[in-house]
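A.B. asks: From first to last, the protein sequence lines stand for chains A and B.
Just so you know, we're using this note's numbering here: the first sequence kicks off at 17 and counts up by one.
Just so you know, we're using this note's numbering here: the second sequence kicks off at 19 and counts up by one.
Accuracy of the hints is not assured; some may be wrong.
From the structure, some residues in chain A lie toward chain B, with a derived Cβ separation under 8 Å [as the list claims (entries may be wrong)]: (1) Asp55; (2) Gly57; (3) Gly58; (4) Ser59; (5) Ala61; (6) Cys62; (7) Phe74; (8) Asp85; (9) Asp86; (10) Asp89; (11) Gln90; (12) Tyr92; (13) Lys96; (14) Asn97.
Calculated directly from the structure, the hints in this document are not laboratory data.
For clarity, every value in this text was computed on a predicted model and none was experimentally measured.
Glycine included, every Cβ here is placed at the ideal spot set by N, Cα and C.
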Amino acid sequence: MAKITYIEHNGTNHTVEVQNGLTVMEGAVQNNIPGIDADCGGSMACATCHVYVKEDWFDKINKKNEGEDDMLDQAYEPKKNSRLSCQIIVSDDLDGLIVDMPYKQT
Amino acid sequence: MIKTDALIIGAGPTGLFTAHQLKLIGLDCEIVDNLDKIGGQCIELYPDKPIYDIPAVPECTGEELTNNLINQLKPFDIKFHLSERVDEVKKDGDKWIVKTSKGTLFTTPNVIIAGGVGSFEPRKFSVEGHEKFENKSILYSIKDKNIFKGKTVSIFGGGDSALDWAIELSNNCNVNLIHRRDEFRGAQATVDKVHELTKSKKINLFTKFQLKKINGSNKIESIDIEDDDKKIENLKTDYVLGFFGLIMQLGPIANWGLNIDKKTVEVDTEKFETNQKGIYAVGDICNYPGKLKLILSGFHEGALAARACFKLARPNEKYRFEFTTSSKTIKNRLGVKVD
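Just chain A, same shape as in the assembly:
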């Protein structure tokens, strides 16, 4: 279980507990947190669950999967700390994780 904070582009905070083994994307979708579309349902085939991971967390979470950067090329305003939230697996180590959501996904 990990407490994860999702921050919408307008600054609205959502802190929820997400079960281990789920992805950060699923944590948002299951809790009806706006800002993550996840059009392809987590198959790393789109870039609509794009988040910015706070700098101090970026190195702590699992590394990018092969192909993830290819999809991020197609995201809205990708940055250095961009990730696809469907590729971040939740574990106890992620307790306190903060992700920022882009202005829009599509």
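Let chain A serve as the given structure and place chain B on it in line with the hints.
C.D. replies: Structure of chain B alone, referenced to chain A:
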């Protein structure tokens, strides 16, 4: 004006199987899709990814599934309108008038939306003021490469489209190629060629840069690009091309007076009809209690919507439920031997 019993919007698996169901029960249909090929998400997003939950098909890729569905439609003559987006759906008595982005007009009692997550559209630039140059000097696809001759063209993106056009246009244009990181996702031979042309100064390559600002009032004069360390470069340019892949947008569907919630259309589970009589939604785009976004659900939904279409297309006939194993009528439609 094309007259048809049913118009299907979307040529993904659900749209294709719905067409099959319509033809089996003796109705005409035509299919419109904004992509330039048949298959929808299966072909655009995951052609090579295996799918394991199609009934009676232990494993197949998105491309194989699409090809099998196309094969299943072979007995029937179905007209596809590809690279066309349905822009307008208007009521006309007991019919719907449907207009596409290319101006094709249909009149039909039944419109079946099998639109997935919406239509695929190119991802656009996000910098301020890009709209006024769009389709003039900012482009997301190339129709006539001759307009670039002798000009400076700045190409953004790291996939095959961006790289292929950079190589092609470097023959007779001044090409800047800009990508947000220093790895490319294009084919290796293409990437090698780009590096070779960069060495011979035929392509000016800027990696880890993104578009920051467009300068110019009536026409683009230059652009500012910024790298990860906020360093800015100013590039004189005549054209800006963006190749960031396709994104899915609900698009004009939002304007047809349908009940829409979270990019999906509310339907009943008897006919898969929306709040508008004669407009149905099937597959990923429809929403009802218990909805599963599975391909197999789309097949079921299409089968029921097709029966509902019969009532409106043949108001004076009674629909008769028949099996493909035993019905002579269906066998004739399929063009198979009747025992």
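A.B. asks: So, for every hint listed, does it hold in this structure?
C.D. replies: Against the structure, the hints:
{"no.": "1", "hint": "Asp55", "result": "holds (5 Å)"}
{"no.": "2", "hint": "Gly57", "result": "holds (7 Å)"}
{"no.": "3", "hint": "Gly58", "result": "violated (11 Å)"}
{"no.": "4", "hint": "Ser59", "result": "holds (6 Å)"}
{"no.": "5", "hint": "Ala61", "result": "holds (4 Å)"}
{"no.": "6", "hint": "Cys62", "result": "holds (7 Å)"}
{"no.": "7", "hint": "Phe74", "result": "violated (13 Å)"}
{"no.": "8", "hint": "Asp85", "result": "holds (7 Å)"}
{"no.": "9", "hint": "Asp86", "result": "holds (4 Å)"}
{"no.": "10", "hint": "Asp89", "result": "holds (5 Å)"}
{"no.": "11", "hint": "Gln90", "result": "holds (4 Å)"}
{"no.": "12", "hint": "Tyr92", "result": "holds (6 Å)"}
{"no.": "13", "hint": "Lys96", "result": "holds (6 Å)"}
{"no.": "14", "hint": "Asn97", "result": "violated (10 Å)"}
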